[in-house]
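K.L.:
Residue strings, one per chain:
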Amino acid sequence: MSEATVHSSVVRRVGPFSVSSLRRARSEARLTVSFARRELHSKYRQSALSLFWGIMQPVLLVLVYAIIFSQILNVDGGSIPYLSFVVAGIVIWRYFNAGLQQATSFIDRSSVLSKVYFRREIIPLSGCTAALVDLGVGLIAMLVVAFVQGIVPTMTLAALPLVLAVLLVYTTAIAILLATITVFVRDVAHAMPTISQVLFLASPILYPAADIPSGLKFLGIVNPVAVVAEATRAVVLEGSWPKFGLLLVHLCIGTTLLVGSVVYLRSIEDRIVDVV
Amino acid sequence: MLVLLFTCDLLKIASWMWFEMAQEPLVVVDHVTKEYRIGQERSNARALIPGKRGEAAESTTFRALNDVSFTMQPRDTLGLIGHNGAGKSTLLRVLAGIVEPSRGHAIVNGRFASLIELGIGFDPELTGHENVFFAGDIMGMSKAEIRRKYDEIVDFSGVSEFLDMPVKRYSTGMCARLGFAVATSIECELLLVDEVLSVGDFEFQRRSLERIREMNEAGAALVLVTHNLWAVNSMCERVILLDHGSIVVDGTPAEAMKKYIGEEPTTELDPEAGATFEDFRVPPAIAGKVEIDSIRAIPDVIRAGDSITIQATITVNEPCEGVVVMSLFTSERAVFAERELGPSDFLATPGTYVIDAEVPSVPMATGRFQFRIAVLPQDDRHLDQVFPAALAVASAEMKIDGEIMARPGLKLRTNWSVATVPQGG
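Chains as they are written, first to last, in this note's numbering: chain S, 1267 to 1542; chain D, 32 to 456.
A portion of the hints provided could be inaccurate.
[As the list claims (entries may be wrong)] Rough simulated footprint, nothing fancy, chain D against chain S, three-plus residues with beta-carbon under 8 Å:
(1) 1380–1391
(2) 1447–1460
[Claimed, not checked] Facing chain S, according to a computed beta carbon distance under 8 Å, are these residues of chain D, among others:
(3) 127
(4) 165
(5) 169
(6) 170
(7) 453
Everything labelled a hint here was simulated from the structure, so no lab data went into it.
All values derive from a computational prediction rather than experimental measurement.
Don't be surprised by glycine CBs; every beta carbon is placed ideally from N, CA and C.
Please build the complete structure, drawing on both the sequences and the hints.
P.N.:
This is the structure:
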């Protein structure tokens, strides 16, 4: 046989031993990256200054938030300079929000879905993969801003991968779930901007979790965005260790949710084409 | 993510293990039924519950496929024909794993390439070059495989000069050619082709059919969905006729087409047309030396797949060199089938001859057709120049009803015979 790898469309129909699962997984991973790359490509190719806008949009947003909240509303980031505080929050939020945006990913790609079979989760996964670039750039920007504001990273930065792992599992799980549900209940697509807005404001992105009134404190523990945003600030900006227990619990829940979302999607994926 | 995909696949492996136990045919379609709900619903929320297929009342479902079963062996060539909405494309999508049957199951024991639509996944913003790789990815080809086939793909598509241009500036034909080239570059055991050959110009269609035939010869089985009965007739050894989702005929192309074209497939000679002799420019080399006295088609009425004999009476006044050819034209004077070269020895001996050109299986088509027999000064390979330069042309015009579309490039298999008519009788 040639070196040909065969992905799902074939595999599902082929006896399982014709092609190794590892190869198949590799081929699926490649397709995910391929979709992600295409998304970035077409996003950034259309305008001459597209990269510039890609950067300017969050930068301006952060500046506006920083001015409004620190100068007008007198919110402060505790021990952290407010600008760095907001940047950290926004970077985390933007990634999570990219996951929420995947709600319409199946609908947007209906033409491909109805013409060729591949593992359906590849579509929302690729959206999350493309957003990784944004996250990476954001994290670097966060370190730069922090450095400019006199914050030098300490040993605690070593805990950042764990924090990001929590963010990733939750984001991808929610992306897959939302994308699946939206196919059948289109209302989700309409509700998404509002839900996103509410979640943004309900999470300690622009204000510290410490400012949450005591009656609502549980929000800072239950909400993974809050947990991740707080932990990111702790490890990067405050030089303190995060709440490992809380992070690990969330990692477990998030992973379970992710596996669950994939299993769920696969259990009803054959209905997507009929509806999408 | 890899680990996740991996484990999920392991679960599938267990469930599919038993298929490996016995040597299965390439394709097994086992009592496949596919139902769609009629009407737009506000939400399909019920379908979100795993296991429960939101089955609606019988009256509100449309049965696209109704208890369809068949098997295919490697290298089989199967044509799916039927009226619009008969379920051909749905069946093809079931085979491609895109559409899941409501009941029954379909298995393909091999790698397949699907040409359900050309240019699947092409992103208009990306260049042709990038799209080749992306489309290859979607269809499950490895980078190495695409790279290996790249030159071949580009060569076939004929868009090599435009590879760095965004696909949105491509013409429809260019897109189709590139899409076809990518899709058929997969090494596969089964080729699923939906009505994709209708795009592109004649040359592209001819090359596409050729490419499909090549793949078949290289070992790929073929499922061809098309309204182009010419293609079905020439490519497929077996044809399934679907009607309202059910298999009506599963047999030879002739059987299926007879049924498809109607209870009374009509191929009638147009009595009005009769035999006509037109005024053609006769080359001096044989002017006056040969004359066609009459031409007629026997019998007057034929059915799809029946034989027909075109009979011409030719008088040779002086020995000359030339050839006898028969051609089939549409009423628009378009070449319908490649011309057939007849015997020409008799042109060397003066006399009256009856030439029979028997076509054992007449290709059917909508519209009116002309069988023409001509005597030409020499074997002129250029079809379009044949008749203006003919010595004599007579045509029998026939009217054929049916739903088969005309397609050039067809080869009529013709049996010729020459009989001498006794002089002075």
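K.L.:
Now tell me if each hint is right for this structure.
P.N.:
These are the hints, each one checked on the structure:
1. 1380–1391: This one holds; 7 residues, not fewer than the three required, reach chain D with a Cβ under 8 Å.
2. 1447–1460: Since three or more residues must qualify, the claim that chain D covers the segment 1447–1460 of chain S holds, with 6 doing so at under 8 Å.
3. 127: 6 Å, holds
4. 165: Hint on residue 165(D): holds, closest Cβ of chain S at ~6 Å, below 8 Å.
5. 169: 6 Å, holds
6. 170: This hint holds: residue 170(D) lies near chain S, its Cβ roughly 7 Å from the closest one there, short of 8 Å.
7. 453: 67 Å, violated
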